[in-house]
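K.L.:
Okay, here's what each chain looks like letter by letter:
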Amino acid sequence: MRVRKELDRVPGYEVANHRIDTWWWLVVAVVGIVLLLALRMPDPYWRIIRFVSDGIGVTVGVTLTAFVLTLVLGLIAAIGRLSNSGFIRSLTTVYVEIARGIPLMVQLLFWYFAFPSLIQSFGRLLNYQPFERYLADPFTMAILGLTFCYAAYMSEIYRAGIQSIPKGQNEAARSLGMTHGQAMRHIILPQAVRVILPPVGNEFISLLKDSSLVSVVAVADMTRRGREFMAANFIPVETWIMIALLYLVMTLISGRIVAWIERKTQTEER
Amino acid sequence: MATEPIIHIENLHKHFGLTPALKGIDLDIYSGEVVVIIGPSGSGKSTLLRCINRLEEYDSGGIIVDNIPLTTAENINAIRTEVGMVFQSFNLFPHLTVLENVMIAQKVVRKRSKAEAMTIAQNLLEKVGIPEKAYDFPGQLSGGQQQRVAIARALAMNPKIMLFDEPTSALDPEMIQEVLDVMLQLASEGMTMVVVSHEMGFARAAADRAVLMDEGVIVEEAVPDVLFSAPKQARTQAFLSKIL
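Read top to bottom, the protein sequences are chains H and A.
If you read the first sequence in the numbering used here, its first letter stands for residue 1, the second for the next number, and so on.
If you read the second sequence in the numbering used here, its first letter stands for residue 271, the second for the next number, and so on.
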């Protein structure tokens, strides 16, 4: 605390702090606009919010589920890319290149429309009933598609974080008799976490925005509910202003949380 | 002195790409011996040291440590628990306190209880002279203090052999002695030590043998006093004239 107080007297630091406060005001301002519109002009704005409210839940649910899965799959892929085995390394590299090289929209369409068809054909070929009757659940396929793509990006963040830890750390751990896994778990990863937290937070915000793409594969998220409202009421301007504001509230709040984590990891740096 | 060497190195070869680093090293080190390896930079002395606990792989030849050949992964891990290593750049774990640095491998590798590991760690910090820094982080310590913690961290595994890779080269001059004092004490307790260092004072005071390496081969080895004052080889004389 004492250090923080002294830092406040450093001109540059004060400016940085001040800027962060300004961004919090932006969150307050956007939330204020949403409330103002909803209260002063309940028709159509409050109607829009009520109509898309279940979509807000879907957007948050899809994003959080896909994010947690991305964190796990991304770590597995990162460890694969740093593996000593050439085969595992090639396999994960091919995965990362494929997942990053195809537009997310195309990937989502593939998982929802093409993947179940392939499974069904496969089932007919093998005469295996469960595969023949396989039907895709939009929610599952959307999460699968988002996770497949985002885990590739996440693995690159993890990999950069792990590689940013000096080689001597691993050597010291191994020279004490730790196995590769023990050195990773007790020495490398705890240090890498500090490096990767800010970019991981940014990935979360990107994922939140890109989750709007799942609206094309029959998931009733906020964007899809917005389209349905527009189709029924023919008021595109009001509809998309409100949808945009709702996304903005979510991303701005997430952004402030990421910035807070970033500052916290920096001040704890020793 | 035991008849069987605790470290037996035979015809060791190692290349970095096309550059040869070690060109047929034969060296036996006996239990309780202190061996100092000197030589110009790029002579392969650090590489040789790092081959002993297999931080560096070698191309051909063989190393047997405490009757365990360095072959399979299990053997390598078994040897690493018997061989402590101290690095030029300390390599303390910055996210752990000093005490935790000394405890972590005891808990993870030796499977000691937290209480037991802590008692051992506190005793070792006492031994290297910085018990009061137990709850500080490595970044808050001076270089000399960090290196002494690194020695304590290696000793916590109860190694039979300690390897020192230029332990004082990264230190400010006024901190070198405090690290050497700890090493001298270890030597006097009968620890088997292999030390890559140009600290002539330490070599004279503690070493049983000094080995001069150049261009991947052992040029000459002798009792330190003899090697430093009456070198036989021209290359030894040339090297000593530069550093003395």
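Incorrect hints may have been included.
[Unchecked claim] In silico DSS-like links for lysine-lysine, alpha-carbon gap of 30 Å or less:
1) H:167 with A:384
2) H:167 with A:397
3) A:397 with A:377
[Stated by the list, open to error] Derived DEER-like restraints, expressed as beta-carbon distance ranges:
4) H:166 with A:402: 34 to 44 Å
5) A:329 with H:86: 15 to 25 Å
6) A:401 with H:102: 55 to 65 Å
7) H:265 with A:402: 23 to 33 Å
8) H:61 with A:399: 26 to 36 Å
9) A:337 with H:93: 51 to 61 Å
No lab work stands behind these hints, which were simulated from the structure alone.
Note that beta-carbon positions come from the ideal geometry of N, C-alpha and C, so glycine has one too.
K.L.:
Could you run down the list of hints and mark each one as holding or not?
P.N.:
Going through the hints against the structure:
Restraint check for residue 167 of chain H and residue 384 of chain A: satisfied, since their Cα atoms lie roughly 28 Å apart, inside the 30 Å limit. With a C-alpha separation of about 29 Å, the suggested pair residue 167 of chain H and residue 397 of chain A falls inside the 30 Å cut-off, and the hint holds. Only pairs whose Cα atoms come within 30 Å are accepted, and residue 397 of chain A paired with residue 377 of chain A is accepted, the gap being roughly 20 Å. For the pair residue 166 of chain H and residue 402 of chain A, the supplied restraint of 34 to 44 Å is violated, since their beta-carbon distance comes to about 27 Å.
Distance hint check: the CB atoms of residue 329 of chain A and residue 86 of chain H are about 19 Å apart, consistent with the given range 15 to 25 Å. Restraint check, residue 401 of chain A to residue 102 of chain H: a C-beta distance of roughly 59 Å satisfies the suggested window 55 to 65 Å. Checked against the hint of 23 to 33 Å, the C-beta distance between residue 265 of chain H and residue 402 of chain A comes to roughly 28 Å, which is consistent with it. Remark: the range hint 26 to 36 Å for residue 61 of chain H to residue 399 of chain A is contradicted by a beta-carbon distance near 58 Å.
The hinted range of 51 to 61 Å is not satisfied by residue 337 of chain A and residue 93 of chain H, whose Cβ atoms lie roughly 42 Å apart.
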